[in-house]
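**Student:** So the chains spell out like this:
2 protein chains.
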Amino acid sequence: MNKRQKSYLAASLAMAFLAVSVGAVAQQSAPAKPETLIKWRQSAFQVIGWNCGHIKQVLDGVYNKEEVVKSANAIAAISNLGLGSLFTTGTEQGKGWHETNAKPELFKEGSKVGEYAGNFVKEANELAKVSNSGDVAAVKSQFSKLTATCKSCHDDFRRKDS
Amino acid sequence: MNKRQKSYLAASLAMAFLAVSVGAVAQQSAPAKPETLIKWRQSAFQVIGWNCGHIKQVLDGVYNKEEVVKSANAIAAISNLGLGSLFTTGTEQGKGWHETNAKPELFKEGSKVGEYAGNFVKEANELAKVSNSGDVAAVKSQFSKLTATCKSCHDDFRRKDS
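Taken in order, these protein sequences are the chains called A and B. First residue of the first sequence? That's 1 in the working numbering, and the numbers climb one at a time after it. First residue of the second sequence? That's 1 in the working numbering, and the numbers climb one at a time after it.
Among the hints, a few may not be true.
[Unchecked claim] Taking lysine-lysine pairs in the DSS-like style, the calculated list, with each CA pair at most 27 Å apart, reads:
1) B:K129 <-> A:K129
2) A:K33 <-> B:K95
3) B:K122 <-> B:K56
[Claimed, not checked] Derived, one-sided and incomplete: chain B residues facing chain A with beta-carbon distance under 10 Å:
4) Q46
5) V47
6) G49
7) N51
8) E67
[Said to hold, decoys possible] Just so you have them, the derived chain B footprint on chain A, three or more residues with Cβ under 8 Å:
9) 45-52
10) 73-80
Everything labelled a hint here was simulated from the structure, so no lab data went into it. Computed from a predicted structure; not experimentally measured. Glycine residues also receive a C-beta, built at the ideal position from the N, C-alpha and C atoms.
Generate the whole structure from the sequences, applying the supplied hints.
**Tutor:** See the structure below:
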């Protein structure tokens, strides 16, 4: 893939993420309070974190294809929900289960959050596919790609003390 | 399906749920504290609730197949994680995001929780299938079957004040 194609792909992913988010916002967030949106996103990321931890445990220990498939499917399905719709204006601060750990930079125009989120969705869907192969090396490699997308977003947009 | 077949199906579902749970327990719960398990289950049910609410909103309003498919996929994928493994001995009481709302009866031997959970998994997977058809009447019917399984478990095993 050349540089131009890569750039086009990144832009497409970001736009796909935003489109999903906007669609979801229109139907979901009108009646939901900011505190509820924050609670939903904290819950979604908690389930994602639980399942990333579980996959790591299985990959570091006794490999079990079915366990990885189930966790990868859950992560992918949640990533496809348009989580961006839970980060709307009005949710920059506030308490869901706890005070939000999102940094103000996440909500600023021109932030890379759309690009990061697009990458997260892409790698999560890819892991769900690859996990079905049962090829441990391929699963490990794809899992690393997924967790790298988590890290890039956490580094830039999540408070250090979280 | 006759009565005997129904009884066999119910028993099979309950056993499938328990098998998944035990498998998950062996790999997941050893290092996880009760508070963590409670946090994970509260998060999982919060995401399920969010998406059930979203499906209801779409079915009551402007139907959008893709939105229902995404939410149904997330509910099904989470239901397949072996949530029973998050209700192990030691988690009868305790605080995840908040004090557990599970009633003591849930943890008693011979409780119907395995049967209820098996039904929930079955109806959630069926909704994910049916949602792809785009047949609104069929989706509404299947969604009612799913929420009935939520209600039966909440009625028996979740505190009223939750």
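**Student:** Now look at each hint and say whether the structure bears it out.
**Tutor:** The hints, checked one at a time:
{"no.": "1", "hint": "B:K129 <-> A:K129", "in the structure": "holds (18 Å)"}
{"no.": "2", "hint": "A:K33 <-> B:K95", "in the structure": "holds (24 Å)"}
{"no.": "3", "hint": "B:K122 <-> B:K56", "in the structure": "holds (19 Å)"}
{"no.": "4", "hint": "Q46", "in the structure": "holds (4 Å)"}
{"no.": "5", "hint": "V47", "in the structure": "holds (5 Å)"}
{"no.": "6", "hint": "G49", "in the structure": "holds (9 Å)"}
{"no.": "7", "hint": "N51", "in the structure": "holds (7 Å)"}
{"no.": "8", "hint": "E67", "in the structure": "holds (6 Å)"}
{"no.": "9", "hint": "45-52", "in the structure": "holds (count 4)"}
{"no.": "10", "hint": "73-80", "in the structure": "holds (count 6)"}
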